[in-house]
Structure formats: structure tokens, C-alpha cells
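Engineer: In case you want the letters, here they are:
Protein chains: 4
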Amino acid sequence: MAGNTFGKIFRITTWGESHGKALGVVVDGVPAGLPVSEADIQAFLDRRKPGASRFSTPRKEADAVQILSGVFEGKTTGTPISLLIPNTSQRSADYSEIASYYRPGHADYTFDQKYGFRDYRGGGRSSGRETAGRVAAGAVASLFLDRLGIRVCAYTKSIGPVFCERFCEEEIRNNPLCMPDAQAACRAEAYLEECMERQDSSGGVVECFADGVPAGLGDPVFDKLDAALAGAVMSIGAVKAVEIGDGTSVSRARGSENNDPFRMRNGHVEKETNHAGGILGGISDGSRILLRAHIKPTPSIFSEQQTVNRDGEDITIRIKGRHDPVIVPRAVVVVEAMTALVLADALLSNMGARLDRIREFYRR
Amino acid sequence: MAGNTFGKIFRITTWGESHGKALGVVVDGVPAGLPVSEADIQAFLDRRKPGASRFSTPRKEADAVQILSGVFEGKTTGTPISLLIPNTSQRSADYSEIASYYRPGHADYTFDQKYGFRDYRGGGRSSGRETAGRVAAGAVASLFLDRLGIRVCAYTKSIGPVFCERFCEEEIRNNPLCMPDAQAACRAEAYLEECMERQDSSGGVVECFADGVPAGLGDPVFDKLDAALAGAVMSIGAVKAVEIGDGTSVSRARGSENNDPFRMRNGHVEKETNHAGGILGGISDGSRILLRAHIKPTPSIFSEQQTVNRDGEDITIRIKGRHDPVIVPRAVVVVEAMTALVLADALLSNMGARLDRIREFYRR
Amino acid sequence: MAGNTFGKIFRITTWGESHGKALGVVVDGVPAGLPVSEADIQAFLDRRKPGASRFSTPRKEADAVQILSGVFEGKTTGTPISLLIPNTSQRSADYSEIASYYRPGHADYTFDQKYGFRDYRGGGRSSGRETAGRVAAGAVASLFLDRLGIRVCAYTKSIGPVFCERFCEEEIRNNPLCMPDAQAACRAEAYLEECMERQDSSGGVVECFADGVPAGLGDPVFDKLDAALAGAVMSIGAVKAVEIGDGTSVSRARGSENNDPFRMRNGHVEKETNHAGGILGGISDGSRILLRAHIKPTPSIFSEQQTVNRDGEDITIRIKGRHDPVIVPRAVVVVEAMTALVLADALLSNMGARLDRIREFYRR
Amino acid sequence: MAGNTFGKIFRITTWGESHGKALGVVVDGVPAGLPVSEADIQAFLDRRKPGASRFSTPRKEADAVQILSGVFEGKTTGTPISLLIPNTSQRSADYSEIASYYRPGHADYTFDQKYGFRDYRGGGRSSGRETAGRVAAGAVASLFLDRLGIRVCAYTKSIGPVFCERFCEEEIRNNPLCMPDAQAACRAEAYLEECMERQDSSGGVVECFADGVPAGLGDPVFDKLDAALAGAVMSIGAVKAVEIGDGTSVSRARGSENNDPFRMRNGHVEKETNHAGGILGGISDGSRILLRAHIKPTPSIFSEQQTVNRDGEDITIRIKGRHDPVIVPRAVVVVEAMTALVLADALLSNMGARLDRIREFYRR
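Residue numbers (my numbering), protein chains in the order written: chain A, 940 to 1303; chain B, 940 to 1303; chain C, 940 to 1303; chain D, 940 to 1303.
Think of the hints as simulated: they come from the structure by calculation, not from any bench.
Some hints could be false.
Identical copies go unnamed one by one, so any copy, or any two together, can satisfy a pair.
With a Cα cut of at most 20 Å, we get these calculated SDA-like pairs of lysine to any residue [as the list claims (entries may be wrong)]: (1) K960 with Q1005; (2) K1259 with E1196; (3) K1014 with D1295; (4) K999 with D985; (5) K988 with T1027; (6) K1259 with Q1245.
Based on the provided sequences and hints, a complete structural model is requested.
Structural biologist: Quick look at the structure:
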């Protein structure tokens, strides 16, 4: 119940703290025969890596992944894939002070309440570094989805008050903020500069879509595809809201506006609009899956804050160390990873839904 | 993987279709010794019952619950509690027509894609009646929480463009829309009347809080308390977005605004504000848990719609039958139930977090 | 964790006590499109029904099953199948006395220790009646297996010192002891008569095989097919040992005797012998699956016994009521049901093992 | 569903192949505050290590464990503990030949059937080396149990036809066969010498007990404590039968012999005998838990065997490489580990059984 395992069939277990020896993940339930290399996974990790821009913590980590098991002659064997990422830049000294007090907006207080004490070095398990294992596993999920013609793509939709107004997919990897709109990226950079000058931080929104998802994924009651996505994305630290399709705006819409009419096109059933974000009754409908994650501003700000210490005294603090003024750009690949993991699991889970297809499967 | 089970320790399995013989739920993992009666559960079901106002389907269902097992001499025994709710008002004739086509905004198309065919009577398992089992189970969870001093309370926050501007808890059960603001309820009723005249429907927002939740519930990675709540609430049909605490607005906030300072009060650690909605790092912090669910407008509208039939032809339809112009008021108790179920599960799950407390537990 | 759910994909949740209103089971994860009727399930329940012979409790229960959900127009819909079996012959008066003391060999003491009190009527949830739900669910699993060419067959291998020496499948249903050897059945009946005269009871062995199981089911580490079978069969009350293939005798064998040589026959790989019971490395090898369950003598004997009461006094008791002098014959269909459930689950679980087959599945 | 995770609350995920870079395990759900060191775990691994005697494979492996996460300042933090054991002596060359054929009694054929191909080096994931992760995790479970006054002890009960006739606990670690009877150990050594001369191998029995287990662990239906133990122990490669208490002999016993009378002793309820092996109705009764695992002879024998190759031809083979003539002594600590893991999980799972104790727990 300690909750470091995610997924039912395509299933990952992450481990590791910010300042431990290493972080990692065991990916279980990956079908046999999938080509996977360290380079494939590294490409995803590099997108999450700190130190990529002036808006990201200057901590330098190579985040170099090692495959320790489950791959033989370049292909998955159906046995668990153990991925390990050594920690190389642990400057624990920076953190010794925070052992004694509770940083606002952080998990310091709640960890102490739950466990009686905490690994205070860099936030321990509650650090953003925890997501390295998710991204490594998400890379494997993405390789699997790719073989089935499914593509997942995430990007920054907004930073503070600055929203993207156009979508150019190539642009996403051109700017340090992962925005698909170069002009918005410029404005967002200016906004972040101002935040940094004020020793403050900014939130933002990550949007993610998946194309090529077949109709039929997800289950109609508790394991709705949107429920699984919401739980997965909300489990990323700092996410405070999740929207599917039109999301929050449905509450102000009328049925006649919100319903997506069906129509035939080229012999296939399609929807004219996609307010639903590709999911009806918890099951994928064959159109684009669309979701958004709202991410809070980095709680580690350098301006003065009120808080209490472990001795129960009111104190005033100034946080030191290395912190991102915004975590949104680094969260992009994490949202993409979690989405890929949910879809991989749903694909496998769906295979037992119909007797006729099971019989065909075993007739071989 | 068919997903009709929810929870890990406090665990429910629901079953039943809109027009089958009955609906029900098996509640497993309820601690022994909890007083539970049919009347206790009925009180929750009555809040969900159709036909309560002119804004709810005129279908009449007593929704009378029977306890079939797991309770002996008025108390739970630790064995599974089977709750059964007979269906009494199945007018399947109304639905025979919809067997042949796909209603926009409904799960008709996706069920056919997943399973090859569907129980089309009243939406079958995808009907809102599916939530009766959730509410019955949520009643048991609420009785359990009550014994631990935890209280969950949900209400309508907005209907279409009409938002509550004040909070009077007593008012929630005074108006058919379950709004804690009598004046907003009047305006919302007027808005709904207009929707009905236009043969249209409305969405809205349900807000829910929980008081008395001890610090320490939830787990720091995939099983964050907010992740569990988000998955639980998004699994309710028609919910398209979930917010925790300040929710979507955090993405536009700065860290200095969004962080909740800690302070001492009467020897206890408290937060001055609660932007976080009572959860830090996925773990409850002892303050009020707060969430919001955005609910889409009822897809069954009486105006003309475009769609396709099972033969792959474009057609125009007008939906008949009995449908709520807004489902928000009836969803209130469902959101409350899912929240109670998540908290009950988290309470039990948390008991194994610390060696010192386990030793004390078994020292008895 | 209360453990009334079994299986991962093909998944059942049972409920009900010996003297409650009813017993039942929710069968989730059954593929859509499987023809299932009440009569199909009743045929299995009738094999477990009490009162079938003089070696079985005279309690009369019709054990008439009702399908409450999940079947539409005679076929499963992919949604949960709720099966209910009313209790009709609860003579609780018989049991009031046992509320005060702990019957040797029963769960009275351990229930009180775990839950603080117990539903003492007929053993409550620890009664053999609990297996009615397993058998009803096992019937559905068997119908599913049948569509895939898999047949499960269980029978009494021995009663006390009397062992079957030949195997005639037709004979199994010809004698009240479910033995495939008519002569052994006669000798066993005589042995049981003698037990009953002595106010004593007898144990025995149930054997079960499955034919037509494809190679590849089961997973290599914790979810070995034999581990799943052992857990499933040991979860039947009164089972104290489980053997796979040659079972206990392997511990005295040499490798040269115990290994099953492979050979080609008609273009297929076969084994010359089957000491392994159809499972190698936890995975089915395509030959017959074979297991045995060792069942203890009924603990409810009518002779005088020593025990203690709830007040902590040593006492002497004589158990009254209705009890089987041997439970082995009624356990036969329960072992068959649990085996069928494990195989159904393993079949569905195995579908995601290979990328090539998944791609083929979704190419449709 | 790939089944490399075991346990529900105290939960382990193992990974690694015989000839990969390393093996390991992630132990999740360990309560915070438990002192754990590499030396503590190493002591368990050393008992499993190959090369300890002439009856064990001469492969040399240090099996030196590293703690990579989850332990801070010598104590568990409540976050996942990642344990890694590098492989140092992979002589894959020995195994290249077996890529082309199926060794009798091994998982070669079934892996190929399930996954389409296999990591043939040393048996890959089906190697006995897979158990290293179990033992490392079992060490952590044992440390936890120790804090609660529970002690688990396993030993060799028999090798081939040679049975222990006395029990001297100190003797277990004095002889290479882990037998608690020095004279039986001598006879067993002689028997094994003879097996080795004949290029053959031997099976045997491991017995395991647990003292200090409180009454109340285990759940009454599918998650009976004995069912969990049977599944756990049967999941160890080469185990073909599991017995609880009197095990297989109950099938020949009468009720009057098999029932354990209760009696008062020093104000506590006790049983006069323990045929039940410490479990009644699936729940621990406070007396000694006792089980036995029957282990087949090592399938890798050096004498000539018949089999088939991947091209579907009948062939004759002689297995080369490094193999134990008996695996029983090395399986002893594996059985102990699995038993400890089941008990640790049952202890945590049981904490939510009673409302009165939950209220007391949270009253703090």
C-alpha cells in the first residue's frame, strides 16, 4: 500500500531519493520481443534532465540510465526490466538546515507526520527527482505504443498568465519552455525573468494528446480511461487539477454545445467535434485523447517565508539551494510518460474483453 | 481488469444495469464492530434517488436497500457486506429504439466497439443508476469515518453560469439543487427552466470537503491522496475535470501567493491559508481536504441531433425517455461517497506506516 | 485486504454467511459474448448441494441461483455478473449454544481473536456454505474454458484409508462419494458407516485434472501456474496439503526418474511422462494439469470433546446440529471450480505476453 | 500480470536473470523506523550462496548486496528499499549449446512457448538465482518480524529417502545440508555421494516453523494464511507440494484424532496438540505455524537424456555446466524468506480488522 507501484498489467515500481545512491524503476509486464536500448530510454530522460536552461535548477545530473535486466540481444524477454540511474551530484550539505523546519508548500511536515522522521536531503522521496523512474518507464511504454501506431505528445500550454495561441509541434523542442508557440515562449521567458528577480516562482499548464488510440480502451466503471489518466497525472507532484477534453468548461456548457455528433467518413464512424477528449463513458472512442495538468508554482522560493520548526516554534526562513523557478517544462515529459503508461496498460487490459477475439487469439 | 472493484483495503465491488433485476455492491474490508443499519444506508440513497424534483428524471425508484450479509446483531462482522437495491421501474420499451444507433455524448458507440454489442436498455451499465452501488457503499464508509471524527460534505457549487456566493450548510438540503446559497439556487432554477424550454441541458460543479482528517493519510508517489481522489471522482460518469484546493488557478499563481505558511496555534501546527486543499506531497496535512468536480451537461437532450446508426448511416434523431436536465444535484452525494471511500481506504492503509505504532498495536 | 476477492482479470468476489439471508458472488472480467444461463450454473451448484446422500448434512437447501446482472439476451455483456443464492433453511436455534465456546478444529476461536466477536450461526462466514459462491463462479469459468476446448474434471481419490485403484470417468457421478472406481466407493461407504457409528468423521483426497490447456499459461516467478493453483485450492476450508503432478513423492525421487523426456509426436512436442503435472517453471507445457487436495476430517464430530468457553473455563462438549461425516465428496466440485477459475484467469493474463501477438490482435 | 511482485502491503518486486548484470528486489511497504543494514541482509544471502559445499554448484558468486534507497541514517524511511546484487561469475559460454534444445524438467520449452524466445544463459529468469531477490527481501521481513517477537526457522527435513529423526536447532547451521539431525545429515551426505556418482540428483523436504505469531493473522476466505503460505512456497521453483501442519496425513485421519482440543493454561487459551499447524479457518491461532515444501530433484543431471530441439527433432543430450546435485539445502533460506514475507504482510493487513483498535490507533 506504500504506493510505489503503478499499473495493473504494464506495471512499474519506482524507487530512490533525491540524494541516495541512485534512482530507478522496475518495469514489469512488458511484452516479449520489443526492441529497447539504453539510448532509446536516455532520449526521454534527457528531456527531464536538470540544468538544461536558466529556468531549471543548476544541479548537474547526467541521468545516465543502465538496463540491468529483462532485455536480451536487444529485445525485451517478458521478464522485468530493471532500469538504474545513478545520482552523481548530491550536495547534501545544502539541505542540512531544512532538517529542522517545515518548508511551506513542501512535504516536509506531512512526511514527519506520517513516518515520524524524514530523509530531508533534497526532499528525499518527495523530490522531483522521483520522476526520473517514471520517465524511464514511460520511455519503454512509448516504444511499445509506437509499435501499435500510437503517439503521445505533451507540451507546455501556459506559464503563469502566458498562454500558447498556436500549435507548431516542431517548436516544442526548440525553446527551453517546451511551448509549441515561439512567440508565447518569448513572452513566458520574460515573465519568468521577472519572477526570478522577485525571488518568486510560476505555475503553468501541461497539455498532452495521444493519437492512434483504438476505440475500446478503458473500462466502464471505476477503471474508466479518464479516471486512470486523472489519477496518473494527479500523482505527479505539484499537479493540482486535471482536465479531460473541454475539462472545466463543460460545467458552464449546454448539452447541445457539448455533445459531439457522430458521422460517417470514409466508411468509419467519426465525431464532428471532440469536446469529450476522445473518451465516452470511460472508453476511448478512436479520436484524439486530450488532457491538461495544472501545475503549481515551485514552492521553493528565495524570498522570506513564515513557517514553524520541529520544536514547534514560529520562525522566518529563506530557502537556499538549487531550485527551478518553474517546473512546468520539466514536467512535460513526465505527463507524457504517465499518459503512455496508462495507455499501455489499457491496451493490454482490453485484450480479454470479447470472447470471439479470445477464441481467435488462442486458435493459433 | 474489468474495473468494477474500487479501493485496496476498504474495497467495494459494484454490479447491475439500469434495467436489470437489481443493482448492488459488495463492501469488503469494513472493520468489525461498526453499527450499520438499512436505514443508515437508505438515508444516503434517498439523496441520489430520481424523481425528487422537476429537474430530475420522473422515473420512480424506491431504491430500497437490503443488507444481505456481513452485519450480525446490528454490527459489521468483518466479512463482506452485500447490499442489494431492486430495480422496480424498468420501462425498457422506451429504449428499444436506441439499440440501433449511437447517442452523442453517450457510451453506446464505445460499448459496441469494446464488447461487440451492448445492453441498450437505459444505458445498461453505463447508466447513472450504476452510482447507486457507490452511494450505498459510501454510506458505510461515512459511518466508519464518523466514528473517527471525520465528516465529508458535498454540495453544488455552480450550475451553468450560476455560482454560489455564500456558504450556508443547512441550506444544502433545503433546495432541490443542493446549493448552499438559497439565492444562487433560485437563479439556477430559472436557468434550468430556460434550458428545459430549449430542450437542452446544463453542466455544473460539485464541491466537496472533508474535516477532521488526520495528517499522514496518502502515500508519497503513485498513491498520493489527491491522486486517489482525482481517480475516484473522475470515475463518476460525466465528470470531466477534478481540482484539489485552488485547482486550476495554481497555474496562474506565483509561489509566494500559493504557498501556505505554517504557524503554531494552541500548540499545534497549522497553516494560515489552505491553497493546497489539505494535501502536501500527496499526504494529508490535517487541514480541510477540498476538491471540485466539473460535470458535463446531460447528453440526453430532447432537441434534434446528428449521429450514425449501427448500419453505418448518417441519421437525425430525437431522444425520448426520462432524463435529468442537469445531473449535478444527484451527483453531489456520489462525489461525497467516492470521497468517503477514498478516505476510509487511506485511513486503513496508513496504519502500517511506522514501526513504533505497529509495535504498540500488537503489544496488546 | 479482507480477502473475499479472487483472481486478477477473471475475478470473483464472494459474500454471505451460513445463516444470513443469502449467499452470492460477483463475477467480474468475464469476456462479453459467452452464453450463460441459470440452468448452466445450477448444474454445478447441484453437485455441491447438501442432503444428497446419507454422508452429507441433512440440511435441505435448494441452492437455487439467480442471475441478477451482466447477462443480456442470454449472453454475458462484459459487465459484472451478480449471482445470488437465497438461504432457505436456517435453523439458527441449533447453534445458539456454540456462541459461548470454541469448537475444536473450527474457526470459532480465531474469528473471536481477529474480530472481537463472531456470527456464530452455523459457522457464519467460515461455514462450508461459503463455497456456494465459488462454485457458482466456477461454473461461469468452466463455461468459458469449454469454449476454448479446456475441460476440468475433479473426483474423490481416497476416503480415509480407501484409495481408488482404477479410473472410470462415468462412475464419478454414479456414486455419492464421487469416486471414479465403483469398488473403492463401496469400500469407502463401509468405512464411513463405521466412522458414523463411532460418532467420528473421515478425511480424504480430491484429485483434479485439466485437459486442453495450451502451453504458455502462468508466469515464471510469483504467479507460477502451480503457485496460483496451490493458493486457490488451499483457500478451500479443510484443505491441508496441495500436490502438483507427482507431488510429495518428488522429494524421494531421483532426477533421472522425475524428469519428463520430451519427444516429437505428429509434429508436436510432447512429454513421454508427466511427473510434472503439466507445469514446467510455473508455465503450462500443454500436457494434462494434475493436482491433489488433502482434506481433513470434518471437525464437527458427535463424540465428546475437551475445549474452553469464552469465559476462559475448561469444559466438555458434545456438538449437535447437522454435519457431514466427510466433506470430501462435496469438496470435489469446489476444487474443480477453483481450478477452473485459476485457468480462466491465466488464459486472459497470458494474452499480453508477446508483442507479435498483441500487434496481430490490434491489427484487426 | 507478469507476476514479479509479491505481497499486498509488505510488497516486493524482484528482477534479474542468471547471467544479466545484476539481480535485485524493491521492497515496498516496509514500516518507517526499522534498523536495516547491508550486513543484516548479507547474512541471509550467505545462506543461499552457491559454492558453500561439494553438494552445491561450484559457481562462485559473492552475492554482495547493496542498499540503494529507502534507508536513511540506518533506518527505513517508509519509502521503497532497492537492493542490488551484482552478478560476477557469468560463464555464458557454458550455456550457448542449450539455446537450441529443451532440457527435460526445465522451463526452456515453456518459456519459448510463452514468449517466442528466451534468455537461455543459465536459465535466464527461471534460474535458481532468481531467488536471491526473495532472500534479500525476506531478510528485511525477518528483521521486521523480529521486532514483533516472531521468529521463522527453516531446515532440511529429508533428502531423498533420508529423514531427520531428531531436532537440534543449533545443528542446522553445522552441516552443509541444513539438517537439524547430525546423524541424518551424515546418511544424507552418503546418499548424495552415490547420486553424484550415478550422475543423478535428489529431491527432499524443507520444513519451516514460525513462533510468536499472534492469533488473528490471515483472512477467512481466499486470503487464508495457509493459502497465502501455500502460494508463496509453491512459487519457489522445484516445489511440487506444500503441507500445513499434519498435511497429507489428515486425509487418512479421523476427526477425533485430527481435532486439537483447546484448554486453558496460565490464563491463556492453548491447544493440546497442533495438527492444524497453527491455523484454523485460515487464521493464525497463536500456536506454532508449521509447513513443509516438497522439492523435486535437480533437473540438470549429467547422465544422458532424451529430448527435442527447437527444430523439432528428437535428440539425445548430456547437460554440462555447474549444477547442484540437490537444491534442498539452498532452498531452506528461500522457504524461510517466503514464510517471513507472508507473515509480515499478514501482520500489516490485519491491523484494520476491528473498529475498536482502529479508533485507539488514531486516538493518539
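Engineer: Look at each hint and say if it fits the structure.
Structural biologist: A quick look at each hint next to the structure:
1. K960 with Q1005: Both ways: K960 and Q1005 sit 14 Å apart in one copy and 10 Å across, limit 20 Å.
2. K1259 with E1196: Only across copies: K1259 and E1196 sit 19 Å apart there, 50 Å inside one copy, limit 20 Å.
3. K1014 with D1295: between (30 Å within a copy, 12 Å between copies)
4. K999 with D985: Result: close within a single copy only, 12 Å intra versus 38 Å inter.
5. K988 with T1027: within (13 Å within a copy, 31 Å between copies)
6. K1259 with Q1245: within (15 Å within a copy, 60 Å between copies)
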